[in-house]
Amino acid sequence: MGKNEDAASPDDTAAFGTRYLVDKSKVYDFNAWDNVEWSDEHIETAMAKVEEQRRHPVCNAEDLLKSPADQWDKFYNKNERKFFMDRHWLLKEFPELDFSKYADDKRIRVLEVGCGVGNTTFPLLDCCNKEKTFVLSCDYSPTAVRLVRENDLYNEDHCHAFVWDITKPTNEIPDNSLDFVLCIYVLSAVEPQKQKTAVENIVRLLKPGGTLLFKDYGRYDLTQLRFKKDRYIKENFYCRGDGTLVYFYSQDELHELFTSSGLEKRENTQDRRMIVNRAKKVEMYRMWLKCNFSIVNSIFIPQLTVYWSHSYRVIHK
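Per full-length UniProt numbering, the very first residue in the sequence shown carries number 1; after that it's consecutive.
These are calculated hints, taken from the structure and not from any lab test. Each hint should be verified, as a subset may be incorrect.
[Unchecked claim] Below, simulated EDC-like cross-link-like pairs (lysine to aspartate or glutamate); rule was C-alpha separation at most 16 Å, straight line:
#, residue 1, residue 2
1, K228, D242
2, K194, E156
3, K280, D29
4, K132, D165
5, K196, D252
6, K74, D242
7, K194, E235
8, K234, D70
9, K207, E264
10, K92, D126
11, K168, E200
12, K49, E235
13, K234, E200
14, K132, E93
15, K24, E37
16, K106, E96
17, K132, D98
18, K290, E256
19, K290, E93
20, K106, E131
21, K194, E256
22, K168, E191
23, K24, D230
24, K196, E283
25, K78, D242
26, K66, D242
Since we're looking at a predicted model, the values are computed, not measured.
Kindly generate the complete structure, drawing on both the sequences and the hints.
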């Protein structure tokens, strides 16, 4: 899960996604601008910073890669529910999650991957008809899952939280049973060599027509460029100071990752924002990637078997 990606001032929230910098002389009039093009100079500067990072890689990479879940467990033991903000922007970012437009007799089953302490699960349930929605929430940190279950809003009639390392199979959810999977700032925490397996494990859970909604860090995002010495592990893959891991994507590699796992592109876009420190006259460039990939018409899941069990028919009657 990404860090500090959910904070927004009231000034910015109302205009999110709609404030464009037309007159550059007004750059310091607001805290943020949307869809700001990167100059050649900015890209060259970013590439130079990454090259400098390569010259000073982290020394204990093997130890960090052995137990990434342990690092997140330590993180949640320390911070509990105090670090991330609830994502009340979900329907604005992903209008597909407005379940009011679906048939009244259809119950939507959603999986939130990397649920943390429920910063997506509970806002989603709050803005949806609970009788029409069931949210499954997983994380590979047992502490995070415990904190979700201990939340006063947690109700097994509407949601179920469980521990799952998505690089391994799970028996918690039947194959071909989900309408939506949410991957928001979570796949980037997985070692690049294991991401294809993780995506395939998720895809097998989607029913025909099911949708994967994704948002995560893009290449040369401010977060990547801020890393100093002893944080670089391998190309576009880093460790933070607390030992948690993060990867930075390009659109092309996400397209290949998802389509090779049996999904078809609906959306794969860059979300570029310029964040402005008006007091210090500093401009900072953010880059996120937003995707919508679906299983369309037929199921294509390499080397996987679909089981149409009695339990599947009961759950999805």
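Hints, verified against the model:
Simply put, K228 and D242 have alpha-carbon atoms about 14 Å apart, close enough for the 16 Å limit, and the pair holds. Taken as a hint, the K194 and E156 pair is broken in the structure, with Cα atoms around 31 Å apart against an allowance of 16 Å. Under the criterion of a C-alpha separation no larger than 16 Å, the hint pairing K280 with D29 is consistent with the structure, at around 13 Å. Restraint check for K132 and D165: the C-alpha separation of about 27 Å exceeds 16 Å, so the hint is violated.
A distance of roughly 14 Å separates the Cα atoms of K196 and D252; the hinted pair therefore holds under the 16 Å criterion. Of the supplied pair hints, the one linking K74 and D242 holds, its CA atoms being roughly 9 Å apart against a limit of 16 Å. Taking the CA atoms of K194 and E235, the gap is near 15 Å; set against the 16 Å cutoff, the hint holds. Simply put, K234 and D70 have alpha-carbon atoms about 21 Å apart, too far for the 16 Å limit, and the pair is violated.
Using a Cα cut-off of 16 Å, the hinted pair K207 and E264 holds, with the two alpha carbons roughly 14 Å apart. For the proposed pair K92 and D126, the alpha carbon gap of about 14 Å is at most 16 Å, so the pair holds. Using a Cα cut-off of 16 Å, the hinted pair K168 and E200 holds, with the two alpha carbons roughly 10 Å apart. With a C-alpha separation of about 13 Å, the suggested pairing of K49 with E235 holds against the 16 Å cut-off.
Of the pairs offered as hints, the one joining K234 and E200 is violated, with about 23 Å between alpha carbons and a cut-off of 16 Å exceeded. Our distance criterion of 16 Å between C-alpha atoms is broken by K132 and E93, whose separation comes to about 21 Å. Only pairs whose Cα atoms come within 16 Å are accepted, and K24 paired with E37 is accepted, the gap being roughly 12 Å. Using a Cα cut-off of 16 Å, the hinted pair K106 and E96 holds, with the two alpha carbons roughly 15 Å apart.
Only pairs whose Cα atoms come within 16 Å are accepted, and K132 paired with D98 is accepted, the gap being roughly 11 Å. Proximity of K290 to E256 is assessed by CA-CA distance (about 15 Å); at most 16 Å being required, the pair is judged to hold. Distance restraint check for K290 and E93: the Cα-Cα separation of roughly 9 Å lies within the 16 Å cut-off, and the hinted pair is therefore satisfied. The straight-line distance between the Cα atoms of K106 and E131 is roughly 10 Å, inside the 16 Å bound, and the hint therefore holds.
With a CA separation close to 14 Å, the supplied pair K194 and E256 stays within the 16 Å bound. This hinted pair checks out: K168 and E191 have alpha carbons roughly 13 Å apart, not beyond 16 Å. With a C-alpha separation of about 36 Å, the suggested pair K24 and D230 falls outside the 16 Å cut-off, and the hint is violated. Using a Cα cut-off of 16 Å, the hinted pair K196 and E283 is violated, with the two alpha carbons roughly 35 Å apart.
Pair hint K78 plus D242 holds up; C-alpha atoms about 11 Å apart against a cutoff of 16 Å. Of the supplied pair hints, the one linking K66 and D242 holds, its CA atoms being roughly 15 Å apart against a limit of 16 Å.
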